[in-house]
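Novice: Read off the chains here:
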Amino acid sequence: MSWCEQFIEKNSNDFRSDECLVRALRDLLARDWWSRVWILQEVAKARRATIMCGPNSCPARTFALMPLLSGLEVSSHVQAVLEIMPRYRSSTWWNSAHSLHSLLQKFKNSNALMPRDKIYALLGMSEDACDPEQFYPCYQASDDEVIRNTASFLVFGQVLDSTFVFPGFRLEDLYYRKFDLVYGVLYRTRDRKLLDFALNYINEGRLGAEVWLEGLTKRYGPVVEEQARNILSHGAAVSSVAIVNYHPLGTSQPHYMLTVTSKKHAEVFVSFNLANSVPLELRYVGKLKFGLGNHIPSPYSPEVQWLGETVQKLIKSGSPVEEIGKETSCLGMLSRNVGGVVMLSYSISNLDIDYFYQKRTSIYNEPKVFSYKWWISRKPRLRKRISTVTYSF
Amino acid sequence: MAATNLYSPLEPSSNCIRLLRINKEEESESNDIICELVEVSLDDVPEYQAISYRWSQFEPGTTYTSPRLIINGRDSSEFRVGENLYEALKQIRSPNRDAYLWADAICINQEDDKERGHQVMQMGDIYKSADEVLIWLGPSSHDIEHLFGLVSLIDHSANRA
Chain L
-14 MSWCEQFIEK
-4 NSNDFRSDEC
6 LVRALRDLLA
16 RDWWSRVWIL
26 QEVAKARRAT
36 IMCGPNSCPA
46 RTFALMPLLS
56 GLEVSSHVQA
66 VLEIMPRYRS
76 STWWNSAHSL
86 HSLLQKFKNS
96 NALMPRDKIY
106 ALLGMSEDAC
116 DPEQFYPCYQ
126 ASDDEVIRNT
136 ASFLVFGQVL
146 DSTFVFPGFR
156 LEDLYYRKFD
166 LVYGVLYRTR
176 DRKLLDFALN
186 YINEGRLGAE
196 VWLEGLTKRY
206 GPVVEEQARN
216 ILSHGAAVSS
226 VAIVNYHPLG
236 TSQPHYMLTV
246 TSKKHAEVFV
256 SFNLANSVPL
266 ELRYVGKLKF
276 GLGNHIPSPY
286 SPEVQWLGET
296 VQKLIKSGSP
306 VEEIGKETSC
316 LGMLSRNVGG
326 VVMLSYSISN
336 LDIDYFYQKR
346 TSIYNEPKVF
356 SYKWWISRKP
366 RLRKRISTVT
376 YSF
Chain H
1069 MAATNLYSPL
1079 EPSSNCIRLL
1089 RINKEEESES
1099 NDIICELVEV
1109 SLDDVPEYQA
1119 ISYRWSQFEP
1129 GTTYTSPRLI
1139 INGRDSSEFR
1149 VGENLYEALK
1159 QIRSPNRDAY
1169 LWADAICINQ
1179 EDDKERGHQV
1189 MQMGDIYKSA
1199 DEVLIWLGPS
1209 SHDIEHLFGL
1219 VSLIDHSANR
1229 A
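Residue numbers (the working numbering), protein chains in the order written: chain L, -14 to 378; chain H, 1069 to 1229.
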C-alpha cells in the first residue's frame, strides 16, 4: 500500500459526514484558478506549495488529498491538477511519462487569454519539449505559425523550418492522437518536400510502432491488440501502426482500418467491424504509394471486395489465368485528386506481372464515376512488353 | 508614462529575474504597501516565494486606495496589477519582515514581447527555485477556515508520524 492509500484509509472516516468541509471544498475547487493554464507548471514545479484564501492557508500536499478523503467527486481536469501538487504527484500519473502531447490532451480544458499559451504553458512541464533550443515560446509569430510549429513538433519531434509547408491545423486538432496527426500530414499536405520528409520519417522507423500499438489497445481493446501483434510479427521492421475510421459505401456501421508500415514500405491493411465483433481479417498485403496531390482517405473496403470479383471477371473474359492465378504478392493503392477528378488506382503484382485498375470519380456534389479501366502489363524488368490489355466496364 | 520606462531591461542570456520586495508593514506609516523591484540571478539561489493566481480582468489605470500599492515609488496604476493580485499582496505582506515575491504580472515587463518569450521559458525554473509557491484562491469563508484548520492538523500529524 502506498503512503497515499494508507493516509486515506486512516483519515477518511472522519470527513465523509462533515458537510461543512465538503461545502468548502466544492467552493474552492469551482474557483477560476483551477482552469487557468499557467497554474499547471507553477504547481508541477513547486517544491513546496501553500493554498491561500484571505488570511487562511494550509499545505497543498495534504489539501490535494481532501476530495478523496471526503468522497467528493471532482472533474477529471481538477483531479489532474491535484495530482501534480507536491508529494501527491509522486504517486500519480505524473510519475510516468508526460510528453507535450499527453499534457495537451490531459489539460485541453484549461483556459488562457492567448490561444498559444495553451501550448506554451505546458512546454516547461513536458519531458520532450522543455529544451528551448528545440522549441521555444514566440509571441511575435502568428497563431497559425505557432500551431503549425507545434504540429511539426508533435509529429516529427522537431520544428521543421518554414520551407516545409504544412496543411492547416487548428489548435483543437493538436489534441488528436499522434497517428491522426500523422495522417493529417500525409493526406492533406500539398507540399512535396514535406511529404517526402514524412514518408522518410516513417520508413526510418521513427514513429515507434509499440507506442502506437499501446494507443490502439487503449482505444479499441484487446481484439485489436492481438491482431495488431499478429500483423507486426509478419515483419520485424514495422515502423508504424495507424487506424482510420470510415464508413464503407452502402453501410451505416463504421469500419476501421489498420495500416502497418514496415521499413520496406510494405503495408498490411486490415478491415474489421467492431460493432459486429467481427474478428479482424487480413485483407491484403501491399505497398502503399503516395503521390503528390490531395490524398483522399478512401473507402477502401468495398473497393477491395469488388476487386476480387473484378479479378474473377478478368479471368472469365480471357485474361491470362496462369498469371493471375499465381499467388499475388503485392497489392497497392493510390488515390489522388487531380483537378477535382479523383483517381483510385489499384495494382496487383506478382513476380512477373502488374495488374492495374483505375477508377475516376468526381469529388464535387454526388460522386460521379467517370470510368473504370483495367490494364495489365508485364514488368519493365522483363524488358519486353508482351501485351497490354484494357478492359472497360 | 510609457510602461517601458518602468523596467530596466533584463540581460537575456543570464538567469536574471526581477523580484518584488514587499516591505514589512511597520515601515509604512500610512499602511501603504510599499514595494521595490529588485533584480536577482537564479544562480545566486535567492530566497523568495512565487505566487500562482488567476489573472483578473485588468482596467488600465486602476488605483487602489486602502491601502495604496506603491511599486518603485510609483502608484501601482502604472503597472498591470489586477484586483485579485492586489488582494493577495495585502495578505502576503508580513508585519515584521520584508517578503520577496515573484508575480508574473509585475515581474515581467508585459509590454516587451521578447522579454516575455524569454521569461516564459524561465518560468519553470522560477517556480522550481522558489522556496514556496503560494496558491492564491481568493477570499475565505467560515467553511474554508474550518477546512484549512483541519488540513493543517492532518498535515501536522501525518508528518510527525
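If you're looking for bench data, these hints aren't it; they were derived computationally from the structure. Misleading hints may appear alongside valid ones.
Only part of the chain H face toward chain L is listed, based on derived beta-carbon distances under 8 Å [as the list claims (entries may be wrong)]:
(1) Trp1123
(2) Gly1192
(3) Glu1200
(4) Trp1204
From the three backbone atoms N, C-alpha and C, an ideal C-beta is built for every residue, glycine too.
Novice: Each of the hints needs a verdict: does it hold here or not?
Specialist: Hint check:
About 7 Å separates the beta-carbon of Trp1123 (chain H) from the nearest beta-carbon of chain L, less than 8 Å, and the hint is met. Interface restraint check: Gly1192 (chain H) against chain L, minimum CB-CB distance 3 Å, threshold 8 Å, status holds. With 8 Å as the threshold, the beta carbon of Glu1200 (chain H) comes within range of chain L, its nearest partner Cβ sitting at about 5 Å, so the hint holds. Checking Trp1204 (chain H) against chain L by beta carbon gives a least distance of about 5 Å; that is within 8 Å, so the hint holds.
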